[in-house]
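The chain contents come next:
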Amino acid sequence: MSQANSVLLVEDDQADAYITQKVFRDIAEDIALSHTETGESALEWLATRQKEGTLPDLILLDLNMPRMDGFTFLEQAKGQERLRSIPVVVLTTSASQGDVDRAYALGAAGYVVKPSSIDDFTHYMQRLVGYWFSLVKRPD
Amino acid sequence: MIWLNSLAFKLPAFVLVTVGASLLLSAYLIDHRLISYHRQTASDLIDESVKRIKDVLWQAETELFDEGQWLLQLESLQATLALVNNFQRAEDYQPFVFNPEKQIAAEQLLNTVQNGTASAIFLFDRNNELISYAQQGAHHFESGFLSYENAQPKLVINSATSDTPSLRYPQDITPWHPKNVVNERYYFVDGTPFLVKSYRNFEGTNAIGTLVLARKLTHEMLHTTLPSNVKAYLYHPKQQAFMAEGEAKPVTQKDASTRWQHDNDGFWRRITVGSTYTDGLTFMLHYPSEHYRVEQQATRQGVLFAVLITALFVLPISFWLVRRFMVAPLNQLMHGVNRISYGDKRPMTDTFPNNELGQLADAVNAMSEQLKRRETRLKRYAHEMERLGYVMTHHFQEPSRRLMLFSQQLQASDTCQHEDRQAADFIHQQSTRLSALVDGARRYLELSRTLPRIEPVNLNKVIDKVLAEPAMHERINRVNANIYVATLPRVQADASHLGTLFTLLVDNALCYRHPERVPFVEIWAAEDTERNRVYIKDNGVGMAPEHHQQAFSLFGRLVTSDHYPGIGLGLSMARQIMRQVDGDITVDASGPAGTVFLLLFSKDTNHESGK
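Line by line, the protein sequences give chains A and B. Just so we're aligned: the first sequence equals residues 0 to 139 in numbering that gives the first Met the number 0. Just so we're aligned: the second sequence equals residues 0 to 610 in numbering that gives the first Met the number 0.
Don't read these hints as lab results, they were simulated from the structure. Quick caveat, the model's predicted, so the values are computed rather than measured. Don't be surprised by glycine CBs; every beta carbon is placed ideally from N, CA and C. Hints are supplied without guarantee of correctness; some may be wrong.
[Claimed, not checked] Among chain B residues calculated to face chain A with C-beta under 8 Å, some are:
id, residue
1, Q396
2, E397
3, R400
4, R401
5, M403
6, S412
7, D413
8, T414
9, E418
10, Q429
11, T431
12, R432
13, L433
14, S434
[Claimed, not checked] Some chain B residues judged to face chain A by a derived CB distance under 8 Å, without partners named:
id, residue
15, D43
16, T348
17, D349
18, L404
19, Q408
20, R441
21, S447
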């Protein structure tokens, strides 16, 4: 895995952000995990990083967030030429098929329901990181 | 034959039958009234005839009276009578003395007959023996008088001709007594009667003799007297028949007993008109049926023509009125109600008549408006409930899941004391259950929101697919369960939902298996006229009859979670799936030997579908 790999976590809940960051620290020290708490702040953060030329390689997106929810963020991000190529994986508690369908329709690259155990969560993240940073080729 | 029961057919048919029956009844009543009318007409004409006959007789008798008065004033006639009456004994009779006077009297009588005073005149002496007579025959006049030879009476005829006299006198003239003439009604000759007026004397006593004046009552007289439609028959006692111009109508028992008759020939009335010296003349007056039949036929044709004309106008107009003001508004109303029933709640804008149908349309519009308001409220309520469901299933899931995660972290902590670890275990256990309940509620709500895609489904294929699922396969193998599936019918349902249904039911059988039995599940089907019946039998722990309904309630559990896992969702979801396709699931039988669930599938394909 390259040091240059970076992930943006868009998650309003501090507990979920804490768990995710902890798991990432355990399984992928070389991946830079950035965290924003809302959709608006995520778009601002991306705009800044776009100017700097350091956009993340993957975005993990929660759906249920205050003000701008995950769907709106997804819609706006996929509406921007430069951001469109960044794969967005939805990481949410919702197992609703409606949410799944809508997320994919808006351009999500994956949809993961947050598991209820730390072991499962760790396992999921390992597979996710392995998939996106080892198995598949991403756009430049 | 649904159209036979429709108002669009019944109302016009009712009008058709009613109007047609009314017209026919009217025609019948008019026709019936017509017969009464002609009967009354005949009766009136015959009554008029009776009056005219009486008038004729009275006038004729009056004339006879006047003429008799004049005749009796003739001195020679009085002298003759007086002379004859003094010597009217056969043995003393002197023809050369009395015959000239008798001849003179006979000639005077003959002159009287010839000038039309009477048709016949008879002169009797005080003993009521004929002295002289004169009469009008068929082709001549004649007169005669009584003479005696050797005390034998002899009729001396003065003006007899070679023609056959119309009056034939018997040798014995005794029957020529006026009383006999009257009583025996002898005044009929060739069916023609004599009107008879008898004068006993000049002063009203029987001192001299009797003068009998007679005149024929001819058919011509009656014919000119009577109304044209009435014909008179006169009773002829010797022939025992009613006579009219050579036509004889025999007297029947009915004629004798009834004064008024009506038969195929017409209306008949028998009357007896009194005469001064007779018992009366009996007439049979006839109003021939052909007269009133012609008129009746003409009137009947007129009535029928009027009925036809009326029918031609009334029936189409009635039919049009019913169609225009009843059937058409009803159809509009029905169309509007159908439209409303299919969800289009717009008010009916058709123009309805200002009557009960219009009021009904207004009521339907008001009902539609109410339905629309209620639907709006229900939609809002449903939306709120949906939102609440989403909040419950999503927002509640997050904290429960996090509780699980952090309790796991506490459990894994090396610094955690025994009691703290036990508390963490409880937190993890309860959060796990809370998470399962919230997830169950989510699944239940999602199923509620999804309309089934109804299509013919092969149940065997659905169950095979369910049993072939790796997870299901693993669960079955874990408990060594045996599952037998018979040949099942095709049913109208959502294949995906049925997959969920059988997954839930097989899981239910495996979950509540008897600890001392090898789990066995059997699925078979039966069919009746209305429904397909599918049975799922297990040999699990079973349930008491009083718990059968509770088993289907949402999150209803009959056992504690310590002994059996689960949250009480499976059977309630199974019932919801079945009821979405107008079916149902019930406990057919349950006991210590296990449970038999019964699935009822409707054969009606007219479900509300999400297709």
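Hint check:
1. Here the hint on Q396 of chain B is kept, as its CB sits about 5 Å from the closest CB of chain A, short of 8 Å.
2. Nearest Cβ of chain A to the Cβ of E397 of chain B: about 5 Å, under the 8 Å cut. The hint holds.
3. Residue-level restraint check for R400 of chain B holds (minimum Cβ-Cβ distance to chain A is 5 Å; threshold 8 Å).
4. The restraint placing R401 of chain B at the interface with chain A holds, with a minimum CB-CB distance near 5 Å, inside the 8 Å limit.
5. Evaluation of the M403 of chain B hint against chain A yields a held restraint, the C-beta minimum of about 5 Å falling below 8 Å.
6. A distance limit of 8 Å between C-beta atoms decides the matter here; for S412 of chain B the minimum to chain A is near 12 Å, and the interface restraint is violated.
7. Given hint, D413 of chain B at the interface with chain A, is violated; its Cβ is 15 Å from that chain's nearest Cβ, farther than 8 Å.
8. Annotation: interface hint on T414 of chain B violated; nearest CB of chain A at approximately 17 Å, more than 8 Å.
9. A cut of 8 Å between beta carbons decides the hint on E418 of chain B: the least distance to chain A is about 22 Å, and the hint is violated.
10. Taking 8 Å as the C-beta contact cut-off toward chain A, the hint placing Q429 of chain B at the interface is violated, the least distance being around 13 Å.
11. The beta carbon of T431 of chain B comes within 7 Å of a beta carbon in chain A, closer than 8 Å, and the hint placing it at the interface holds.
12. Annotation: R432 of chain B was flagged as interfacial toward chain A, and the flag is violated, the nearest CB pair being 11 Å apart, outside 8 Å.
13. For L433 of chain B, the shortest C-beta to C-beta distance to chain A is roughly 10 Å, which exceeds 8 Å, and the interface hint is violated.
14. A cut of 8 Å between beta carbons decides the hint on S434 of chain B: the least distance to chain A is about 6 Å, and the hint holds.
15. Because the smallest distance between the Cβ of D43 of chain B and any Cβ of chain A comes to about 101 Å, over 8 Å, the interface hint for this residue is violated.
16. This hint is violated: T348 of chain B has a C-beta 39 Å from the nearest C-beta of chain A, more than the 8 Å allowed.
17. A distance limit of 8 Å between C-beta atoms decides the matter here; for D349 of chain B the minimum to chain A is near 42 Å, and the interface restraint is violated.
18. Residue-level restraint check for L404 of chain B holds (minimum Cβ-Cβ distance to chain A is 6 Å; threshold 8 Å).
19. Because the smallest distance between the Cβ of Q408 of chain B and any Cβ of chain A comes to about 6 Å, under 8 Å, the interface hint for this residue holds.
20. Using the Cβ-Cβ criterion of 8 Å, the hint placing R441 of chain B at the interface with chain A is satisfied: the shortest such distance is roughly 7 Å.
21. Nearest Cβ of chain A to the Cβ of S447 of chain B: about 13 Å, over the 8 Å cut. The hint is violated.
Of the numbered hints given earlier, the model fails hints 6, 7, 8, 9, 10, 12, 13, 15, 16, 17 and 21; all others are met.
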